[in-house]
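Chains A and B, in that order, give the protein sequences.
348 is the number that our numbering gives to position 348 of the first sequence; each next residue is one higher, with no gaps.
1078 is the number that our numbering gives to position 78 of the second sequence; each next residue is one higher, with no gaps.
If you are wondering where the hints come from, they were derived from the structure by calculation, not from laboratory data.
From the three backbone atoms N, C-alpha and C, an ideal C-beta is built for every residue, glycine too.
Possibly wrong hints are sitting among the right ones.
Cut-off 30 Å, straight-line C-alpha distance, at most; resulting in silico cross-link-like pairs (DSSO-like, lysine-lysine) [as the list claims (entries may be wrong)]:
no.: 1; chain 1: A; residue 1: LYS404; chain 2: A; residue 2: LYS276
no.: 2; chain 1: B; residue 1: LYS1022; chain 2: A; residue 2: LYS6
no.: 3; chain 1: A; residue 1: LYS6; chain 2: A; residue 2: LYS404
no.: 4; chain 1: A; residue 1: LYS312; chain 2: B; residue 2: LYS1022
no.: 5; chain 1: A; residue 1: LYS347; chain 2: A; residue 2: LYS276
no.: 6; chain 1: A; residue 1: LYS347; chain 2: A; residue 2: LYS170
Computed beta-carbon distance windows for the label pairs [said to hold, decoys possible]:
no.: 7; chain 1: B; residue 1: THR1020; chain 2: A; residue 2: PRO164; range: 38 to 46 Å
no.: 8; chain 1: B; residue 1: THR1020; chain 2: A; residue 2: GLU387; range: 24 to 32 Å
no.: 9; chain 1: A; residue 1: THR309; chain 2: B; residue 2: ASP1030; range: 35 to 43 Å
no.: 10; chain 1: B; residue 1: GLU1103; chain 2: A; residue 2: ASP84; range: 39 to 47 Å
no.: 11; chain 1: B; residue 1: THR1005; chain 2: A; residue 2: PRO78; range: 46 to 54 Å
no.: 12; chain 1: A; residue 1: PRO137; chain 2: B; residue 2: ASP1030; range: 44 to 52 Å
no.: 13; chain 1: A; residue 1: MET199; chain 2: B; residue 2: GLN1056; range: 53 to 61 Å
no.: 14; chain 1: A; residue 1: GLN269; chain 2: B; residue 2: ASP1095; range: 46 to 54 Å
no.: 15; chain 1: A; residue 1: VAL104; chain 2: B; residue 2: SER1091; range: 29 to 37 Å
In silico negatives: residues of chain A with every beta carbon more than 10 Å from chain B [said to hold, decoys possible]:
no.: 16; residue: MET13
no.: 17; residue: PRO111
no.: 18; residue: VAL113
no.: 19; residue: ALA114
no.: 20; residue: ILE125
no.: 21; residue: GLU273
no.: 22; residue: SER334
no.: 23; residue: ARG346
no.: 24; residue: HIS351
no.: 25; residue: VAL359
no.: 26; residue: ARG373
These are the residues of each chain, in order.
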Amino acid sequence: MNQAIKFPDALTMPLADMDVSDPRLLEQDAWRPFFARLRAEDPVHYQANSPFGPFWSITCFEDIVAVESDTATFSSEPAIVIDDLPEDLPVEMFIAMDPPKHDVQRRAAQPVVAPQNLAAMEQLIRSRVVDILDGLPVGETFDWVEHVSINLTTQMLATLFDFPFEERTKLTYWSDLASGTPEITGGEVSEEERHEGLMECLQTFTRIWHERKGREPSFDLISLLQRDPNTRDMVERPMEYLGNLMLLIVGGNDTTRNSATGGVLALNQNPAEYDKLRANPGLIPGMVSEIIRWQTPLAHMRRTATCDTEFKGKKIRKGDKVVLWYLSANRDESVIENPDQFIIDRKNPRHHIAFGFGVHRCMGNRLAEMQLRILWEEIMQRFRMVEVMGEPERVVSNFVRGYKSLPVRLHAL
Amino acid sequence: MPAITLIEYSGASHTIEADTGKSLMQNALDNMVPGIDADCGGACACGTCHCFVEEQWLPASGEVDAMEEAMLGMRPDRTGQSRLSCQIQVSEDLDGMVVRLPEYQM
């Protein structure tokens, strides 16, 4: 269990001491009043001291859209999390590149998650969801995170990469390593373990690359990279190859995994919404967007100022870190009505910031929505309720807003 | 009020009496035309109001600026007729314009 920590009173503490990069704020689910105060009193907040050095926090919706739209002033290089990445593995990934290099690499990977490709995958994804759900015990308490969320997203990743199915848990392991050290995001993975694991990831995928070369063209991510003229020799640039692998693995893993858990929690905390869903499963597509907003599985993205600039009356200096708190912006009452409430039939549910905006907007957004939609369609075919039986255990991180475990019990229809 | 025709990917056609001074995206939403998501609400920051403007209407629909170009560049189905409908300001000059909607928004 998580140890309860006493935080200072968010409403009265000096703003200068309000360090929202503390990973325990998410672990303890104590972040709401801190971000609410920043939005109200200091929406462009300078934090002079933190374990990650000084940084700016942008906490309102429209301000984040403005920063993300100005890639010339607010660069994604060298890193998009609050700290710079360890120098032992100087990986290159397009999420942490600016145009025009970003555009070239993203364009090569994007077709794999374009909706016409997804339609072809829907049946396979559904059959895997059905297998997972049909294997669950009814009337017994078990961990939803391990048996459903992780299992489901790991199978999805294996499908997207056409990765050896029996070795698929490695993908989840590498994903956890990639984003989990204390230096990067306040997580719990040691740097040595990270280095070793990611080198194994690179070796494995280098082997797969060579094996796949010359095979019949298919729609997995590796084949797509091999086919695009801009990326066809990426394997010869190992840090770029590894960077892209990490990006696609992390991007398709933590996010969907934690939204798959968050939805169960949200419905249990809001029984009237669960009733609405039972009465009308047609609400599932809109509910999926609301789950993604409510969960906001990635709490922030970071930019770095390329020049001295003034933003909302604050003087941001060249080289300053600018952290965009999606978690806060998705609770911005000036843009989203009753933002702290989970409402499965919101009028405009897609107007949330969990996927980000601008050229770095989540490439896999439609895949994520499809996976969650199928999951809930199949859950509602089988179970009257997925009942939460105890407190969730949350991840220690200022980047991934997620769950280590959630005990649940299934009730048959 | 200029009449603008939007044709869904399925072929279903909607001719709307558009309000001048608003974007084409907003007019489409106001008239419940399916096929435009507009996730960002018109900030030219998501690319989910993508449409194809019929060739002869392209000049009247206005210039593509750098921001719109950046967002259009991420669309796998981009063509020379691609525009973001939130960046097309409706005016009387667009009376009779025909716009096709893509298979999907992303």
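Okay, the hints, checked on the actual structure:
1. A hinted pair counts as satisfied when its Cα atoms are at most 30 Å apart, and LYS404(A) with LYS276(A) qualifies at roughly 28 Å.
2. Between the alpha carbons of LYS1022(B) and LYS6(A) the distance comes to roughly 51 Å, so the proposed pair goes past 30 Å and is violated.
3. Between LYS6(A) and LYS404(A) the alpha-carbon distance is near 21 Å, which keeps this suggested pair within the 30 Å criterion.
4. The straight-line distance between the Cα atoms of LYS312(A) and LYS1022(B) is roughly 27 Å, inside the 30 Å bound, and the hint therefore holds.
5. In summary, the hint linking LYS347(A) to LYS276(A) is supported, as the alpha carbons are separated by about 15 Å, within the 30 Å threshold.
6. At most 30 Å may separate the alpha-carbon atoms for a hinted pair to count; LYS347(A) and LYS170(A) exceed this at roughly 40 Å.
7. In this structure the supplied range 38 to 46 Å is violated for THR1020(B) paired with PRO164(A), their Cβ-Cβ distance being about 59 Å.
8. Between THR1020(B) and GLU387(A) the CB atoms are about 54 Å apart, so this pair departs from the stated range of 24 to 32 Å.
9. As the Cβ distance of THR309(A) to ASP1030(B) is approximately 36 Å, the hint placing it in 35 to 43 Å holds.
10. Between GLU1103(B) and ASP84(A) the Cβ separation comes to about 40 Å, which falls inside the hinted range of 39 to 47 Å.
11. Restraint check, THR1005(B) to PRO78(A): a C-beta distance of roughly 48 Å satisfies the suggested window 46 to 54 Å.
12. For PRO137(A) and ASP1030(B), the hinted distance range of 44 to 52 Å is satisfied, since their beta carbons lie about 50 Å from each other.
13. A C-beta distance of roughly 57 Å is found between MET199(A) and GLN1056(B), which places it inside the suggested range of 53 to 61 Å.
14. Between GLN269(A) and ASP1095(B) the CB atoms are about 52 Å apart, so this pair conforms to the stated range of 46 to 54 Å.
15. Range check, VAL104(A) to SER1091(B): Cβ separation about 36 Å, and the 29 to 37 Å hint holds.
16. Once the 10 Å rule is applied to beta carbons, MET13(A) is consistent with being away from chain B; the minimum gap is 33 Å.
17. For PRO111(A), the non-interface assignment is contradicted: its Cβ lies about 5 Å from the closest Cβ of chain B, within the 10 Å cut-off.
18. Not every Cβ of chain B is farther than 10 Å from the Cβ of VAL113(A); the closest lies at roughly 8 Å, contradicting the non-interface assignment.
19. In this structure ALA114(A) is not separated from chain B by more than 10 Å, as the shortest Cβ-Cβ distance comes to only about 5 Å.
20. Interface exclusion of ILE125(A) from chain B stands, the closest Cβ pair being 17 Å apart, more than 10 Å.
21. Chain B leaves GLU273(A) outside its interface by the beta-carbon criterion, the shortest separation being 22 Å against a cut-off of 10 Å.
22. Interface exclusion of SER334(A) from chain B stands, the closest Cβ pair being 13 Å apart, more than 10 Å.
23. Interface exclusion of ARG346(A) from chain B stands, the closest Cβ pair being 13 Å apart, more than 10 Å.
24. HIS351(A), annotated as away from the interface, has a beta carbon of chain B within 10 Å; the closest lies near 6 Å.
25. With a least CB separation of 5 Å from chain B, VAL359(A) falls inside the 10 Å interface cut-off, contrary to its annotation.
26. Against chain B, the non-interface label of ARG373(A) holds: every CB pair exceeds 10 Å, the least being about 14 Å.
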